[in-house]
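Turn these sequences into a full structure, and let the hints steer you where they fit.
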Amino acid sequence: MSVKSIKINHSETLRDKYLLSAILLFLYIILFEFVLPVNKILPKPSLLWESLIAVWSYYNFLEEISISTLIIYAGILCSYVVIYSLRVPLLKLLSGLGNAFTRLSFLKYFPAFFYAVLFAYWFPNSPAAEFLFVFVAVTFYLLLSIQQNLNSIPESYILIARNLGVNENRIFKEIVWKKSLPSLFSGLIKIHFLIWILVLLYEFVGDYFGIGHVYNTALQYNDFAGLFSIAIYVAILIWIGSKAIEYSKSKLIYWN
Amino acid sequence: MDAKIKINSLSKTYTDEAGFSKVLFDKISFELNAGGITSLLAPLGSGKSTLLKIIAGLEEATKGTITGNNNVIFVPGEYSIYPWLNVSENILFNLDEYDENKLKRLIRTVGLDGYEDHVPHLNSIGFIFRVALARSIMHMPDYILLDEPFELMKPEVRKQALVLVRKVSEEFEIPILLATKNISSAIFLADRVIIMKSNPSEIVATEQVVFDLPRAGELFEHDSFQHSRKKIEDIIDGQPEIFPHQFTI
Chain A
146 MSVKSIKINH
156 SETLRDKYLL
166 SAILLFLYII
176 LFEFVLPVNK
186 ILPKPSLLWE
196 SLIAVWSYYN
206 FLEEISISTL
216 IIYAGILCSY
226 VVIYSLRVPL
236 LKLLSGLGNA
246 FTRLSFLKYF
256 PAFFYAVLFA
266 YWFPNSPAAE
276 FLFVFVAVTF
286 YLLLSIQQNL
296 NSIPESYILI
306 ARNLGVNENR
316 IFKEIVWKKS
326 LPSLFSGLIK
336 IHFLIWILVL
346 LYEFVGDYFG
356 IGHVYNTALQ
366 YNDFAGLFSI
376 AIYVAILIWI
386 GSKAIEYSKS
396 KLIYWN
Chain B
513 MDAKIKINSL
523 SKTYTDEAGF
533 SKVLFDKISF
543 ELNAGGITSL
553 LAPLGSGKST
563 LLKIIAGLEE
573 ATKGTITGNN
583 NVIFVPGEYS
593 IYPWLNVSEN
603 ILFNLDEYDE
613 NKLKRLIRTV
623 GLDGYEDHVP
633 HLNSIGFIFR
643 VALARSIMHM
653 PDYILLDEPF
663 ELMKPEVRKQ
673 ALVLVRKVSE
683 EFEIPILLAT
693 KNISSAIFLA
703 DRVIIMKSNP
713 SEIVATEQVV
723 FDLPRAGELF
733 EHDSFQHSRK
743 KIEDIIDGQP
753 EIFPHQFTI
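Chains as they are written, first to last, in our numbering: chain A, 146 to 401; chain B, 513 to 761.
Source of the hints: derived by calculation from the structure; they are not laboratory data.
All residues carry an ideal CB built from backbone N, CA and C; glycine is no exception.
Possibly wrong hints are sitting among the right ones.
Stated by the list, open to error - Just a sample of chain B residues kept apart from chain A, beta carbon distances all over 12 Å, derived:
(1) Tyr594
(2) Gln720
(3) Val722
(4) Glu730
(5) Thr760
Claimed, not checked - Among the chain B residues that face chain A by a calculated CB cut under 7 Å, a handful are:
(6) Ala568
(7) Phe586
(8) Pro588
(9) Tyr591
(10) Pro595
(11) Asn598
(12) Asn606
(13) Phe759
(14) Ile761
Given below as structure tokens:
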């Protein structure tokens, strides 16, 4: 297949995707605004539009969304900074642990909801605790991603370095760390989605601050359109965050 | 020619997955000359990679001694450069001081002109090999050990790489030991071929290789090359414990 035909296929796929989205949006507007009565399936488009503007004042949304967003991305950033700063001892520790650390991966089978509820139970009404929760969860997941990748580092990379007289610390710092970066960023992209869910759950259960608290309030008031408006804004935030991480990865890492 | 590296009664045993002790090679002895190129022609599983790593000081032998191997560079067959470094950074890896003129001359000799700032993580095996070869020469070793670097190369790329290795060895006066199971590569490159068998691994023959023609691309088609290759094949065929199919042509 030629390069030109691949580009044409990609353009056609994008066009199809936008076309499908446009058709679905059109059908939604026609059916739920003009044809169907008010129902509990989807909100009326005009009400949804009003709600998209009203949620900012009605729920003090700017403050709540700032709290959640700040906690999430500060937690992710701090996690990366700590891992980067301590990369040599951490990599040595992970190498020494062997598969022992990956045996903790059974924790992923516990429902995410459980961890959010547990943390809300331990530390109710605490943005600091929420930040700590994000930091611990992201750090654990990133270290797990790195540890799982350690076995795939080619032995020859280490042999070359040792042969050229590179000391052990520098091998971990410049070779093992660099080779681990792609898997770290892949792990970060995955945990980013999960962290949003966990944070929203924590705030929903705790019901004191954040987007989760706004969700809880909207649910109590039966604000059907409000629930959808909040979801749209959260989806936009998650999309921006994902793109930012992917962009960072593309700028920092060009190897696999 | 004086011996530079002397391998004396080298033995290596290892523990297999079932926990049994296995002998990889036992009491291997040979010498590597202070100049020229030597090929270690050995089949798969004979321990040639392990032997090279022991000579380079990257693994321990179970028994035996090696002398003269203080400054030896090992070039693995795969993953021989770092994909996050550009060509110059790879060549100068862990070098605190270097001769700028030598670097330029070396880059020109291996055909990497204009690629100094290029990051070779997507390049071909032939390109990556040139960078790895340049790095090994830049560190000014007493010996370079090449561990099957040509196996994954296409035939035309392999021929170019062989000519290049011969050229840089002569130009920079660095002796080379090549470990390979490819007969053509072994005899094209080397002044001397050491033939090993496996199970257990031991040296069965040593042959000098001399050509009247320069070792350039045309040599592959010449009668003298075919004659030398046939001679090595006959030696291999004549060994009852060697299976010819374990080698490639």
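Right, here's what the structure says about each hint:
1. Tyr594: 7 Å, violated
2. Gln720: 30 Å, holds
3. Val722: Given that every Cβ of chain A is farther than 12 Å from that of Val722 (chain B), nearest at about 32 Å, it holds.
4. Glu730: 34 Å, holds
5. Thr760: Check passes; 21 Å lies beyond 12 Å.
6. Ala568: 6 Å, holds
7. Phe586: Since the shortest Cβ distance to chain A is 5 Å, the answer is holds.
8. Pro588: 4 Å, holds
9. Tyr591: Tyr591 (chain B) check passes; min Cβ-Cβ to chain A is 4 Å, inside 7 Å.
10. Pro595: Holds. Min distance 4 Å.
11. Asn598: 11 Å, violated
12. Asn606: 5 Å, holds
13. Phe759: 23 Å, violated
14. Ile761: It is violated, given that the least Cβ distance between Ile761 (chain B) and chain A is near 26 Å, above 7 Å.
Against the hints set out earlier in the document, violations occur for numbers 1, 11, 13 and 14.
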